[in-house]
Amino acid sequence: MNSLSVRPLSEAHIPLITQYWLGSDPAFLQGMGVDLDKMPGQSEWEKSLLEQLSQPIPDKKSYCIIWQVDDQAVGHSNINKIQLGEEAYMHLHLWRTNLRQKGMGTDFVKLTLPHFFENYHLKTLYCEPYSLNPAPNKTLEKVGFQFVKEYVTTPGWLNFEQPVNLWELSRERFLSLP
9 MNSLSVRPLS
19 EAHIPLITQY
29 WLGSDPAFLQ
39 GMGVDLDKMP
49 GQSEWEKSLL
59 EQLSQPIPDK
69 KSYCIIWQVD
79 DQAVGHSNIN
89 KIQLGEEAYM
99 HLHLWRTNLR
109 QKGMGTDFVK
119 LTLPHFFENY
129 HLKTLYCEPY
139 SLNPAPNKTL
149 EKVGFQFVKE
159 YVTTPGWLNF
169 EQPVNLWELS
179 RERFLSLP
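One point on numbering: in this note's numbering, the residue at position 97 of the sequence shown is 105, and numbering is uninterrupted.
It should be emphasised that the hints constitute simulated quantities derived from the structure, not laboratory data.
One or more of the hints may lead you astray.
To be verified - In the DSS-like style, the derived pairs of lysine-lysine whose C-alpha atoms are separated by at most 27 Å in a straight line are:
(1) Lys150 <-> Lys110
(2) Lys110 <-> Lys69
(3) Lys150 <-> Lys118
(4) Lys131 <-> Lys157
(5) Lys89 <-> Lys157
(6) Lys118 <-> Lys146
(7) Lys89 <-> Lys46
(8) Lys118 <-> Lys131
(9) Lys69 <-> Lys131
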């Protein structure tokens, strides 16, 4: 059986995240709502991730947790739009195509949530995946997030305008998860 674990981003993970974004199939990226014309180059990705590493937790604009199978990095989850002590928005990325749609995302999210809630003292964690991308929507529901609404927006700096599903998880609900 595979051993799943999570850990904070380190400098060794930067090339892996950069490769995920720059090496993924364009159709896959568009399927999760990415506007390919907004994709930064390698040096921009590296600079942004190194900046994230250099900042203390309260000052980070984004905070990243690496997902591992048998101690090998296979994906990440990050939060942004962080309001310390209040809320943040979560993103989910399983890099390895052979691991997708196997239910691992649910387990990884459950392992990741304590890092986000505890390090940022969050009251609410949101996630707004592309409504036409079924995988993250199913994962969020399985974890225990509550569906709020579907609406059209540009959810992030790397996205095109799209219908998204807004999901939320309150601290109280997080603390009561099995």
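Hints violated by the structure (listed by number, smallest first): The structure breaks only hint 2.
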